[in-house]
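So the sequences go chain by chain: A and B. When you number the first sequence by our numbering, it's gap-free, plus one each residue, and the end is 498. When you number the second sequence by our numbering, it's gap-free, plus one each residue, and the end is 370.
Note that these hints are calculated values from the structure, not bench results. As the structure is a computational prediction, the values presented were derived from the model and not from experiment. Check the hints yourself; a few may be wrong.
Said to hold, decoys possible - Label pairs and their in silico Cβ distance ranges:
| hint | chain 1 | residue 1 | chain 2 | residue 2 | range |
| --- | --- | --- | --- | --- | --- |
| 1 | A | Thr285 | B | Glu234 | 36 to 44 Å |
| 2 | B | Ala310 | A | Lys479 | 54 to 62 Å |
| 3 | B | Gln74 | A | Asn435 | 52 to 60 Å |
| 4 | A | Phe249 | B | Pro345 | 53 to 61 Å |
| 5 | B | Glu213 | A | Glu15 | 41 to 49 Å |
| 6 | B | Pro345 | A | Ser302 | 54 to 62 Å |
| 7 | B | Arg338 | A | Lys409 | 43 to 51 Å |
| 8 | A | Asn241 | B | Arg338 | 27 to 35 Å |
| 9 | A | Asp486 | B | Gly342 | 38 to 46 Å |
| 10 | B | Glu213 | A | Phe28 | 50 to 58 Å |
| 11 | B | Gln74 | A | Asp477 | 21 to 29 Å |
We put the beta carbon where it would ideally sit given N, CA and C, even for glycine.
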Amino acid sequence: MPKSLTPRLQDLRVEIEGYAREFGLDFFETIFEIVSYDEMNMVAAYGGFPTRYPHWRWGMEYEQLSKSYEYGLSKIYELVINNDPCYAYLLEGNAEVDQKLVMAHVFGHCDFFKNNFSFRHTNRRMIDDMANHGTRVRRCIDKVGIEKVEDFIDRCLSLENLIDQHAPHIRRNPDPKRAEEEAKANQNVGGFKVDREYMRGYVNPTEFVEAQRKKVEEEKAKAKKFPERPQRDVLLFLLDNAPLEAWEFDVLSIIREEAYYFAPQGQTKIMNEGWASYWHSTVMTRRALKDHEIIDYADHHSGTMASGAGRLNPYKLGIELFRDIEDRWNKGRFGKEWDECDDLRARRGWDKKLGRGREKIFEVRKHYNDITFIDEFLTPEFALEQKMFTFGFNEKKNYWEIQAREFKKVKAKLLQQLTNFGQPVIEVVDGNFENKGELLLTHRHEGIDLKGDYARETLKNLQTMWRRPANIVTRVDNKTMMLRFDGHTHTEKKVESL
Amino acid sequence: MALRIDQDHSRFKQIVRGKIKANLRKYVQQGEMIGKKGKDTISIPVPFIDVPHFKYGAKEKGGVGQGDGEVGQQLAPGEEEDGDGQGKAGEKEGEHALEVDVSLDELAAILGEELQLPNIKDRQNEKIVTTRVKYTGVHTIGPESLKHFKRTYKQALRRQIATGKYDPNRPVIIPIREDKRYRTYKLEQLPHTNAVIIYMMDVSGSMGDEQKEVVRIESFWLDTWLRSQYKGVETRYVIHDAVAREVDRETFFHTRESGGTMISSAYKLCRDMIKADYPTSAWNIYPFHFSDGDNWSADDTRVCVDMLRADLLPAVNQFAYGQVESPYGSGQFIKDLREHLGEQPNMALSEIADKDAIYNSIKDFLGKGR
Numbered sequence: 001m002p003k004s005l006t007p008r009l010q011d012l013r014v015e016i017e018g019y020a021r022e023f024g025l026d027f028f029e030t031i032f033e034i035v036s037y038d039e040m041n042m043v044a045a046y047g048g049f050p051t052r053y054p055h056w057r058w059g060m061e062y063e064q065l066s067k068s069y070e071y072g073l074s075k076i077y078e079l080v081i082n083n084d085p086c087y088a089y090l091l092e093g094n095a096e097v098d099q100k101l102v103m104a105h106v107f108g109h110c111d112f113f114k115n116n117f118s119f120r121h122t123n124r125r126m127i128d129d130m131a132n133h134g135t136r137v138r139r140c141i142d143k144v145g146i147e148k149v150e151d152f153i154d155r156c157l158s159l160e161n162l163i164d165q166h167a168p169h170i171r172r173n174p175d176p177k178r179a180e181e182e183a184k185a186n187q188n189v190g191g192f193k194v195d196r197e198y199m200r201g202y203v204n205p206t207e208f209v210e211a212q213r214k215k216v217e218e219e220k221a222k223a224k225k226f227p228e229r230p231q232r233d234v235l236l237f238l239l240d241n242a243p244l245e246a247w248e249f250d251v252l253s254i255i256r257e258e259a260y261y262f263a264p265q266g267q268t269k270i271m272n273e274g275w276a277s278y279w280h281s282t283v284m285t286r287r288a289l290k291d292h293e294i295i296d297y298a299d300h301h302s303g304t305m306a307s308g309a310g311r312l313n314p315y316k317l318g319i320e321l322f323r324d325i326e327d328r329w330n331k332g333r334f335g336k337e338w339d340e341c342d343d344l345r346a347r348r349g350w351d352k353k354l355g356r357g358r359e360k361i362f363e364v365r366k367h368y369n370d371i372t373f374i375d376e377f378l379t380p381e382f383a384l385e386q387k388m389f390t391f392g393f394n395e396k397k398n399y400w401e402i403q404a405r406e407f408k409k410v411k412a413k414l415l416q417q418l419t420n421f422g423q424p425v426i427e428v429v430d431g432n433f434e435n436k437g438e439l440l441l442t443h444r445h446e447g448i449d450l451k452g453d454y455a456r457e458t459l460k461n462l463q464t465m466w467r468r469p470a471n472i473v474t475r476v477d478n479k480t481m482m483l484r485f486d487g488h489t490h491t492e493k494k495v496e497s498l
Numbered sequence: 001m002a003l004r005i006d007q008d009h010s011r012f013k014q015i016v017r018g019k020i021k022a023n024l025r026k027y028v029q030q031g032e033m034i035g036k037k038g039k040d041t042i043s044i045p046v047p048f049i050d051v052p053h054f055k056y057g058a059k060e061k062g063g064v065g066q067g068d069g070e071v072g073q074q075l076a077p078g079e080e081e082d083g084d085g086q087g088k089a090g091e092k093e094g095e096h097a098l099e100v101d102v103s104l105d106e107l108a109a110i111l112g113e114e115l116q117l118p119n120i121k122d123r124q125n126e127k128i129v130t131t132r133v134k135y136t137g138v139h140t141i142g143p144e145s146l147k148h149f150k151r152t153y154k155q156a157l158r159r160q161i162a163t164g165k166y167d168p169n170r171p172v173i174i175p176i177r178e179d180k181r182y183r184t185y186k187l188e189q190l191p192h193t194n195a196v197i198i199y200m201m202d203v204s205g206s207m208g209d210e211q212k213e214v215v216r217i218e219s220f221w222l223d224t225w226l227r228s229q230y231k232g233v234e235t236r237y238v239i240h241d242a243v244a245r246e247v248d249r250e251t252f253f254h255t256r257e258s259g260g261t262m263i264s265s266a267y268k269l270c271r272d273m274i275k276a277d278y279p280t281s282a283w284n285i286y287p288f289h290f291s292d293g294d295n296w297s298a299d300d301t302r303v304c305v306d307m308l309r310a311d312l313l314p315a316v317n318q319f320a321y322g323q324v325e326s327p328y329g330s331g332q333f334i335k336d337l338r339e340h341l342g343e344q345p346n347m348a349l350s351e352i353a354d355k356d357a358i359y360n361s362i363k364d365f366l367g368k369g370r
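My request is simple: use the sequences and hints to build the entire structure.
The structure is reproduced here in structure tokens:
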């Protein structure tokens, strides 16, 4: 069972929290608990919420975590839950210096959770809500049986990524243009052209005009798109429109809510880890470290920052970028004058002694997410210094290779990876496709094809939920294709682009 | 202590083992199966269930990395990122991904645990024993040649300190007779545990690279398991099309012939090999034969069946036949074997549709515990 801090750790916590506040970090009350390694693995497997609904995939996570722990592959030092108050789990039996490092790191995360704009709409009582979700799902299981519920959850998970990650920040109003068009269409209810006004009654008898009007209206009703505009939040569309049973509706809405809870953490991974690492490093090296701890600290810090075998480590990228920003704003390396300076020597020695670095990074941590962070602050110098490159698969040679080191390409690739979590953008365009009640999605193709077998399986899950054939328009090998599953067979055909 | 996760965990395991929810079985993947083989290290197999999503085809994806290297240079395996970028970000710290070395023994243990393989039961030949010397302890008397220097020294040091003869400034230790310690040994009678694996593979035109890859992976796991069960394991390799010949390992996996297929040729060679080199009384014998099952003629199949029944099956611990599905379909051979020899207890048959079927096939071959 989780234990509260020992008196010694409590003292350390007070000390570290003091330093964190002194540096200006601003966080919710943070509750630390000590757990054993298998409890840690369990909590991590549950995504931080041990009271979550039962499902095999937590078991799968747990298996992976505990295996890699047992074989010495990895070890989770700490876990923070974005909640008010924040909960943080520390690993029992870690050395004191590790616990200090982890606490400092946790306060960094908590500050980020509280202040970054991405979390403005995040549910801060998620611990309670997750527990409620667990109860609701268990109740469903009691009612309809584990097999049915689990199968349904599996299907939901297959669609879990089909949410609109910007949704919490935007109110999507009904289209204003549409009202206008409608009004216009109403005026033009047919009839033949009449040159002489007295002939009107004969050319266009009232019954005829009425019939015409009816026909137009019927057509309009038919043509009325549903949804009105392509909808990114496929889960919401299903909740609103799919013929779900009450318990299915309940489960799907739970899955959707949790997906939205985790989405902003995915959008700020680099920043969040960078920020927390920046602060554990600052707090430890400037304040908390004792002489005899320095080697262990350095070992663990560098272990966390290591970019193993050419991989991009979000901790490393984040902390370096924050440090780079701090340095640039300390020395005034920004703005028009800096950008237009071509003199290499002047650039190298550039130091306006502005000292605004700290202030700037606090601002950045508030107003940016990973995409805007990279877009704005990744500089060619930085990319060069960090030896960044893009890689891809070489079909001819059948291996992964380094493809480019040009700044533009690196940045573009990085941004592409971050956009929509590096996942394809899928929208519902029609819930009544061909007037047969079929579901039609599109994949906004941005140069990369969908993984075919996965797409077909996912389509199957959609069909099961929608109970009518499901279609998706995507591009395969540069041809616009419509994949379709009608409940029995998969088909695909070439179509004109929508 | 029971954790809350145990329920979910055991459910996951049941799915992986195919006990429940057969509909998810097809999403089960075996993680990395073969890692580095040099120096006996390998990555751990971790099964996972990949619920399908709309996602990008991985090979087209690529990404951004960090480090040295020229443009066009190959990345070391494992560097590419795996499909999903999502995950529970921002909660975890310091998952240090260290490369870990797992010995083949551990690997076999994991394999056994994963597949719930029974240990192999001893066959008839417990009588055949070898004698082995084992150093079991330390004694105060013995031959000088077995003197345990460290213990002797320690004893002498202890005595000198106790009697006050030890001078830290002039640390001279002189053992006397009572200080001396000698290793003692026992003779152990060990049951003889030699095994030979004879791999036979069809290399006729219809066996493509993919089929051979399947055989290679499968034979690796079979090797690993049998080596964990026996002390000394020999492996022999036989390839055949219409004729059979013995080859080395390298050739075994890389030869491609185009001729027809006469399976009896391989079985004949296997039989002769056993007769010449591996007396049944002293060896545990495991022939494994892989083919796409397209034998030349029904006559030849009959010859095979007869040979198996008369010569091979009585001599071996288990005869295993794996039929690998090839683009040309899979043949009749396994059906014939099943019909004629399916009831033989030491005949193991398995159909291997693709790489993903290896998991079950290993179980077919090793699950009998013979």
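Original post:
Is the hinted range of 52 to 60 Å satisfied by the C-beta distance from B:Gln74 to A:Asn435?
Top reply: holds, 53 Å
Subject >> Consistency of beta-carbon spacing, B:Glu234 to A:Thr285, with hint 36 to 44 Å >> reply: At roughly 59 Å between Cβ atoms, B:Glu234 and A:Thr285 fall outside 36 to 44 Å, so the hint is violated.
Subject >> Whether the CB-CB distance between B:Glu213 and A:Phe28 falls inside 50 to 58 Å >> reply: 54 Å Cβ-Cβ, so the 50 to 58 Å window holds.
**OP:** Could you say whether the range 53 to 61 Å given as a hint is met by the Cβ separation of A:Phe249 and B:Pro345?
**Re:** holds, 55 Å
**OP:** For the range 54 to 62 Å, tell me whether the beta carbons of B:Pro345 and A:Ser302 fit it or not.
**Re:** holds, 58 Å
Original post:
Lying within 41 to 49 Å: is that true of the beta-carbon distance B:Glu213 to A:Glu15?
Top reply: violated, 58 Å
Original post:
Does the hinted range 38 to 46 Å hold for A:Asp486 and B:Gly342 at CB?
Top reply: Given range 38 to 46 Å: holds, Cβ gap about 40 Å.
**OP:** Can you let me know if the beta-carbon spacing of B:Gln74 and A:Asp477 is within 21 to 29 Å?
**Re:** Since B:Gln74 and A:Asp477 have Cβ atoms about 26 Å apart, the given range 21 to 29 Å holds.
**OP:** Could you check the hint for me, namely that A:Asn241 and B:Arg338 are 27 to 35 Å apart, CB to CB?
**Re:** Taking Cβ atoms as reference, A:Asn241 and B:Arg338 lie about 52 Å apart, which means the hint is violated.
Subject >> Satisfaction of the hinted span 43 to 51 Å by the C-beta atoms belonging to B:Arg338 and A:Lys409 >> reply: Violated - the Cβ-Cβ distance for B:Arg338 and A:Lys409, about 57 Å, lies outside 43 to 51 Å.
**OP:** Starting from the range 54 to 62 Å, see whether the pair B:Ala310 and A:Lys479 falls in it by beta-carbon distance.
**Re:** This hint holds: roughly 59 Å between Cβ atoms.
When the structure is compared with the earlier hints, violations turn up for hints 1, 5, 7, 8 and for no others.
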